[in-house]
Amino acid sequence: DAGITQSPRHKVTETGTPVTLRCHQTENHRYMYWYRQDPGHGLRLIHYSYGVKDTDKGEVSDGYSVSRSKTEDFLLTLESATSSQTSVYFCAIGKESTNTEAFFGQGTRLTVV
Amino acid sequence: GQSLEQPSEVTAVEGAIVQINCTYQTSGFYGLSWYQQHDGGAPTFLSYNGLDGLEETGRFSSFLSRSDSYGYLLLQELQMKDSASYFCVSQRGATNKLIFGTGTLLAVQP
Numbered sequence: 006d007a008g009i010t011q012s013p014r015h016k017v018t019e020t021g022t023p024v025t026l027r028c029h030q031t032e033n034h035r036y037m038y039w040y041r042q043d044p045g046h047g048l049r050l051i052h053y054s055y056g057v058k059d060t061d062k063g064e065v066s067d068g069y070s071v072s073r074s075k076t077e078d079f080l081l082t083l084e085s086a087t088s089s090q091t092s093v094y095f096c097a098i099g100k101e102s103t104n105t106e107a108f109f110g111q112g113t114r115l116t117v118v
Numbered sequence: 490g491q492s493l494e495q496p497s498e499v500t501a502v503e504g505a506i507v508q509i510n511c512t513y514q515t516s517g518f519y520g521l522s523w524y525q526q527h528d529g530g531a532p533t534f535l536s537y538n539g540l541d542g543l544e545e546t547g548r549f550s551s552f553l554s555r556s557d558s559y560g561y562l563l564l565q566e567l568q569m570k571d572s573a574s575y576f577c578v579s580q581r582g583a584t585n586k587l588i589f590g591t592g593t594l595l596a597v598q599p
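Chain order of the listed sequences is A and B.
So the number in the working numbering is just where the residue sits in the first sequence, counting from 1, plus 5.
So the number in the working numbering is just where the residue sits in the second sequence, counting from 1, plus 489.
Treat the hints as calculated values from the structure; they're not laboratory data.
Backbone N, C-alpha and C fix where the C-beta goes; we use that ideal spot for every residue, glycine too.
Keep in mind that the hints are not guaranteed to be accurate.
To be verified - Chain B stretches covered by chain A per the calculated footprint, using a threshold of three residues with CB under 8 angstroms from any CB of chain A:
{"no.": "1", "stretch": "532-541"}
{"no.": "2", "stretch": "585-594"}
To be verified - Pairs of lysine to any residue, SDA-like flavour, derived with a Cα cap of 25 angstroms:
{"no.": "3", "chain 1": "A", "residue 1": "Lys-58", "chain 2": "B", "residue 2": "Asp-541"}
{"no.": "4", "chain 1": "A", "residue 1": "Lys-100", "chain 2": "B", "residue 2": "Glu-503"}
{"no.": "5", "chain 1": "A", "residue 1": "Lys-62", "chain 2": "B", "residue 2": "Gly-520"}
{"no.": "6", "chain 1": "A", "residue 1": "Lys-62", "chain 2": "B", "residue 2": "Glu-494"}
{"no.": "7", "chain 1": "A", "residue 1": "Lys-58", "chain 2": "A", "residue 2": "Ser-74"}
{"no.": "8", "chain 1": "A", "residue 1": "Lys-100", "chain 2": "B", "residue 2": "Asp-541"}
{"no.": "9", "chain 1": "A", "residue 1": "Lys-100", "chain 2": "B", "residue 2": "Gln-568"}
{"no.": "10", "chain 1": "A", "residue 1": "Lys-16", "chain 2": "B", "residue 2": "Asp-528"}
{"no.": "11", "chain 1": "A", "residue 1": "Lys-100", "chain 2": "B", "residue 2": "Phe-552"}
{"no.": "12", "chain 1": "A", "residue 1": "Lys-16", "chain 2": "B", "residue 2": "Gly-530"}
As the list claims (entries may be wrong) - Over the 12 angstroms line for every Cβ pair with chain A, so calculated as not near, a few chain B residues:
{"no.": "13", "residue": "Gln-495"}
{"no.": "14", "residue": "Ser-497"}
{"no.": "15", "residue": "Thr-500"}
{"no.": "16", "residue": "Glu-503"}
{"no.": "17", "residue": "Gly-520"}
{"no.": "18", "residue": "Leu-521"}
{"no.": "19", "residue": "Ser-522"}
{"no.": "20", "residue": "Gln-526"}
{"no.": "21", "residue": "Gly-529"}
{"no.": "22", "residue": "Glu-545"}
{"no.": "23", "residue": "Ser-556"}
{"no.": "24", "residue": "Asp-557"}
{"no.": "25", "residue": "Glu-566"}
{"no.": "26", "residue": "Lys-570"}
{"no.": "27", "residue": "Val-597"}
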């Protein structure tokens, strides 16, 4: 297994509260990604990182921010959670840009009530 | 736009061959990958095409035509365990942005 860990694996939070999801890797891979998966929408890119302190927006970045202060950690923050952010969140890591093989974490199921 | 279009569902029988098509938009396009995801699991990488042509990996093959903005995944000798969702993924730009297609749910029947 690629060394990628998401935490927490499950979380229930209230509307309006801040939430931070953590993605940790032990592979020293350059690229890291955050996706959300909802029924009928597949996986949608939220934000991604192509190096320490280098991040960019994905398809559905509104309401989310990210931080990558060191290679191994990529944090996803919901500043003020809304019910529409109830989803399964996947983190992924990628080593090279030449073949796009990305390794995914096991996902975090977030419920906003 | 950055969308990739796939059929939503495909059904086939064990032992058969099935092809899952994917059309993509060309802006910043570098290459096309395919991922498999079983229900409740995480996506796993299957193959990548950076150049036109066919890539073969065991029972799975993937094809890319840049001139047609089109690719496909070919699954041969289907097995029940191949029942899963399959996603084409476009690699965009020098920063390796990965955009997933809408996904195809493959049901393999006995």
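Going through the hints against the structure:
1. 532-541: holds (count 5)
2. 585-594: It holds, with 8 qualifying residues against the three required.
3. A/Lys-58 <-> B/Asp-541: Violated: A/Lys-58 and B/Asp-541 sit about 34 angstroms apart, past 25 angstroms.
4. A/Lys-100 <-> B/Glu-503: With a Cα-Cα distance of about 35 angstroms, the restraint between A/Lys-100 and B/Glu-503 is violated, given a limit of 25 angstroms.
5. A/Lys-62 <-> B/Gly-520: holds, 20 angstroms
6. A/Lys-62 <-> B/Glu-494: holds, 21 angstroms
7. A/Lys-58 <-> A/Ser-74: holds, 6 angstroms
8. A/Lys-100 <-> B/Asp-541: holds, 23 angstroms
9. A/Lys-100 <-> B/Gln-568: Violated - the C-alpha atoms of B/Gln-568 and A/Lys-100 are around 31 angstroms apart, more than 25 angstroms.
10. A/Lys-16 <-> B/Asp-528: Measuring from Cα to Cα gives roughly 20 angstroms; hence the hint holds.
11. A/Lys-100 <-> B/Phe-552: holds, 23 angstroms
12. A/Lys-16 <-> B/Gly-530: Given pair A/Lys-16, B/Gly-530 holds - Cα atoms ~18 angstroms apart, limit 25 angstroms.
13. Gln-495: violated, 9 angstroms
14. Ser-497: violated, 9 angstroms
15. Thr-500: holds, 19 angstroms
16. Glu-503: holds, 26 angstroms
17. Gly-520: violated, 6 angstroms
18. Leu-521: B/Leu-521 not clear of chain A: closest Cβ-Cβ about 8 angstroms, inside 12 angstroms.
19. Ser-522: Violated: least Cβ distance 5 angstroms, not greater than 12 angstroms.
20. Gln-526: Answer for B/Gln-526: violated, closest chain A Cβ roughly 8 angstroms.
21. Gly-529: violated, 9 angstroms
22. Glu-545: Holds, because the least Cβ-Cβ distance between B/Glu-545 and chain A comes to about 15 angstroms, which exceeds 12 angstroms.
23. Ser-556: Its Cβ never comes within 12 angstroms of chain A, the nearest being 21 angstroms, so this holds.
24. Asp-557: About 20 angstroms separates B/Asp-557 from the closest Cβ of chain A, which puts it past 12 angstroms; holds.
25. Glu-566: Fine: 24 angstroms to the nearest Cβ keeps B/Glu-566 off the interface.
26. Lys-570: Correct as stated: the minimum Cβ-Cβ distance to chain A is 19 angstroms, above 12 angstroms.
27. Val-597: holds, 20 angstroms
Hint violations for this structure: numbers 3, 4, 9, 13, 14, 17, 18, 19, 20 and 21, all remaining hints satisfied.
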